[in-house]
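K.L.:
Line order of the protein sequences matches chains A and B.
If you're matching positions, the first sequence starts at 1 in the numbering used here and goes up one per residue.
If you're matching positions, the second sequence starts at 1 in the numbering used here and goes up one per residue.
Source of the hints: derived by calculation from the structure; they are not laboratory data.
Check each hint, because a few of them may be wrong.
Computed from the model, here is a short list of chain A residues facing chain B with C-beta under 7 Å [as the list claims (entries may be wrong)]:
id : residue
1  : T2
2  : P119
3  : Y121
4  : S129
5  : G130
6  : Q133
7  : Y143
8  : E217
9  : P271
10 : S283
Source: prediction; values computed, not measured.
Note that CB positions come from ideal geometry on N, CA and C, so glycine has one too.
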Amino acid sequence: MTFELFIEQLLNGVQFGFMLFLMSAGLTLIFGVMGLINLAHGSFYMVGAFSAAAVATVFGSFWLSLLASLIFASLAGVIVEVLVIRRLYNRDHLDQVLATFALILLFSESVRWIFGAYPLYLDVPDILSGTIQIMGGIYYSKYRLFIIMVGLLLSIFLFFLIGKTNLGVQIRAGQHDREMISALGVDISKLYTFLFGIGAALAGLAGALVGTIQSVEVGMGEPVLILAFVVIVIGGIGSIKGALVASLIVGCVDTMGRFLVPWLLTTITDPSTAMSIGSAIASMLIYILMAIVLIIRPTGLFGKVLT
Amino acid sequence: MFKLINSVIVLSVLVATSAFADGHKLKVGMITTLSGGGSGLGIDVRDGFMLAIKNNKNIEIIIEDDQRKPDIAVQLADKMIQSEKVDVLTGIIWSNLAMAVVPAAVNQGKFYLSPNAGPSALAGKGCHKNYFNVAWQNDNLHEAAGGHANSAGFKKTFILAPNYPAGKDALTGFKRYFKGELAGEIYTKLGQKDYSVEIAQIRASNADSIFFFLPGGMGIGFMKQYAQSGISIPVVGPAFSFDQGILKAVGVAALGVKNTSQWSKDLDNEANKTFVADFRKEFGRLPSLYASQGYDTGKLLISAMEKANVKDADSFRDAIRAADFDSTRGSFKFASNHHPIQDIYVREVIKEGDILTNKIVSIGLKDHSNAYVDQCSM
Numbered sequence: 001m002t003f004e005l006f007i008e009q010l011l012n013g014v015q016f017g018f019m020l021f022l023m024s025a026g027l028t029l030i031f032g033v034m035g036l037i038n039l040a041h042g043s044f045y046m047v048g049a050f051s052a053a054a055v056a057t058v059f060g061s062f063w064l065s066l067l068a069s070l071i072f073a074s075l076a077g078v079i080v081e082v083l084v085i086r087r088l089y090n091r092d093h094l095d096q097v098l099a100t101f102a103l104i105l106l107f108s109e110s111v112r113w114i115f116g117a118y119p120l121y122l123d124v125p126d127i128l129s130g131t132i133q134i135m136g137g138i139y140y141s142k143y144r145l146f147i148i149m150v151g152l153l154l155s156i157f158l159f160f161l162i163g164k165t166n167l168g169v170q171i172r173a174g175q176h177d178r179e180m181i182s183a184l185g186v187d188i189s190k191l192y193t194f195l196f197g198i199g200a201a202l203a204g205l206a207g208a209l210v211g212t213i214q215s216v217e218v219g220m221g222e223p224v225l226i227l228a229f230v231v232i233v234i235g236g237i238g239s240i241k242g243a244l245v246a247s248l249i250v251g252c253v254d255t256m257g258r259f260l261v262p263w264l265l266t267t268i269t270d271p272s273t274a275m276s277i278g279s280a281i282a283s284m285l286i287y288i289l290m291a292i293v294l295i296i297r298p299t300g301l302f303g304k305v306l307t
Numbered sequence: 001m002f003k004l005i006n007s008v009i010v011l012s013v014l015v016a017t018s019a020f021a022d023g024h025k026l027k028v029g030m031i032t033t034l035s036g037g038g039s040g041l042g043i044d045v046r047d048g049f050m051l052a053i054k055n056n057k058n059i060e061i062i063i064e065d066d067q068r069k070p071d072i073a074v075q076l077a078d079k080m081i082q083s084e085k086v087d088v089l090t091g092i093i094w095s096n097l098a099m100a101v102v103p104a105a106v107n108q109g110k111f112y113l114s115p116n117a118g119p120s121a122l123a124g125k126g127c128h129k130n131y132f133n134v135a136w137q138n139d140n141l142h143e144a145a146g147g148h149a150n151s152a153g154f155k156k157t158f159i160l161a162p163n164y165p166a167g168k169d170a171l172t173g174f175k176r177y178f179k180g181e182l183a184g185e186i187y188t189k190l191g192q193k194d195y196s197v198e199i200a201q202i203r204a205s206n207a208d209s210i211f212f213f214l215p216g217g218m219g220i221g222f223m224k225q226y227a228q229s230g231i232s233i234p235v236v237g238p239a240f241s242f243d244q245g246i247l248k249a250v251g252v253a254a255l256g257v258k259n260t261s262q263w264s265k266d267l268d269n270e271a272n273k274t275f276v277a278d279f280r281k282e283f284g285r286l287p288s289l290y291a292s293q294g295y296d297t298g299k300l301l302i303s304a305m306e307k308a309n310v311k312d313a314d315s316f317r318d319a320i321r322a323a324d325f326d327s328t329r330g331s332f333k334f335a336s337n338h339h340p341i342q343d344i345y346v347r348e349v350i351k352e353g354d355i356l357t358n359k360i361v362s363i364g365l366k367d368h369s370n371a372y373v374d375q376c377s378m
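For reference, chain A alone in the conformation it holds in the complex:
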């Protein structure tokens, strides 16, 4: 194994981590502030990717398609919040799970009905295609570097929003005591709708960014949703900082595991067996990590410690 390969894999891990962050930021805020388990968050990811693909097909512009993913996903988020989610805040978690699961089915079938069952195509723009020399002999995909940049910028934006703005104060207050801040004259239902829209927009953007180098297809959101739940459990529910740290940890552990575990096993067995066992172990790593974190800190790395 060379140094160059190690650095490239580390970058891959960071890129994957930022993508997970875009997905889990919304999920953790919605759970933390509104106390709502939203299984349909993966559907916003899919809506973002499909609206980007549709706009890219019509207008041929990558940047316009990213914008479209933000707009359509947040629109879908706001509509869903007003029509369905709003009625669920005071229900127990089972009702929320059932209702949002129904939303997954509705979204998937509607998207299939509109776009068909075959994967769609999104193209990387010329300016971001190919590789760039980072240092020495290390070349890295421009597009993946772009995803890292977008993730970094959005994390800064979110930290600013939550930590420094009036709105952020309301969000944090809402996390602690919902009734008190509505008693203080904050329109809590508007705040929730807004927050839900932001969460959906971030998921949609993640869908469009990732769909560009993967495939845009029905059901693409659910595998990512599971990872996003792992992230928010590790990071501590409701904590943006926790979501960021946990995303990067999960991204790097998964990426490095897929590459290092089989490589380590080749020292004790033949390559074919090592690969086969190694890839099986690697895919379990993040769940093992989650179990360890839960044993040591049941509320996650940055979660409120229960008293």
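On the provided structure of chain A, position chain B as indicated by the hints.
P.N.:
Frame of chain A; chain B shown alone:
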């Protein structure tokens, strides 16, 4: 985990007049992937099959969606066998699902005609008199790819496939024919979409070529990311990564890639011409190899029904084994372990007008059977 549970399609074609009541009527249960990742494959198989049996009043068919989940496939099979009382099962795309369903079904006296999955376990020691594969044994297309890699002069190939039965069969098949050395061998997760980790390893490996088997959406992700990686060594693969259903999503990155297939839309025989034209007319798109497999399965079934009644299992089995139908692949017959003996072609991805498609460039393996014939005793 959170995918569609209820997307169940039940299609009942017919239940006809009593005139045929004594004769060769039969009930088919199709379990295939119609939702979620990989649904394009199941839909193609279904559409091909339905086209083949169109207007046939003696076939009653029930179609259900397995969502690419083995547990759901098993439940559906139990339901079809016990309460629907089907005579013939078919439709499964994925080898891990086939391994979960087929042995139990054939042991209960049902026929199973596989339109796709052909795991080695069911071709060798686990073969069964009531199990027929109409597509290929899993290793076949990969064996042809191994042969092609030799003739293309590749000496050091990097190979990768998903970690499930068909992925293992793929790499085994490739290695059986490939004479060069391996630069690396990776099993990826089934359903994986991001291949940054694998591509970085390919870059570091000094390989002179890549062989990959990543069916459905997996292959789209790999090809697009590979095109972005700045690596420019040639790629070979089986047709599954370059079939009609996904070429549009892969885009020009696939142009010029050689891939191996038992079928191609430009195969020059009457059955195939009819099939391609009818399929386009019926569904408004070009057929894929999966659709051709579904179609051949339907035609095979009809040919057997014309000769024998399914209630008479022995003569019905003989009728299937005879494979007396016009295959879209031209010549087609069954080896003694009920897997096809057929030509495997090398195809190239080309552009026809605006549409990416494949054309045959040579015959990879002539009258190719499979490596497990000797292990099967039935």
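K.L.:
Hints first: check each against the structure and report whether it holds.
P.N.:
Going down the list of hints, with the structure as the test:
1. T2: 6 Å, holds
2. P119: 4 Å, holds
3. Y121: 5 Å, holds
4. S129: Holds - the Cβ of A/S129 comes within 7 Å of chain B, reaching about 6 Å at its closest.
5. G130: Hint holds; A/G130 Cβ to chain B Cβ min 6 Å, cut 7 Å.
6. Q133: Hint violated; A/Q133 Cβ to chain B Cβ min 10 Å, cut 7 Å.
7. Y143: With a closest approach of 6 Å, the A/Y143 hint holds.
8. E217: Holds, because the Cβ-Cβ distance from A/E217 to chain B comes to roughly 5 Å (cut-off 7 Å).
9. P271: 6 Å, holds
10. S283: 5 Å, holds
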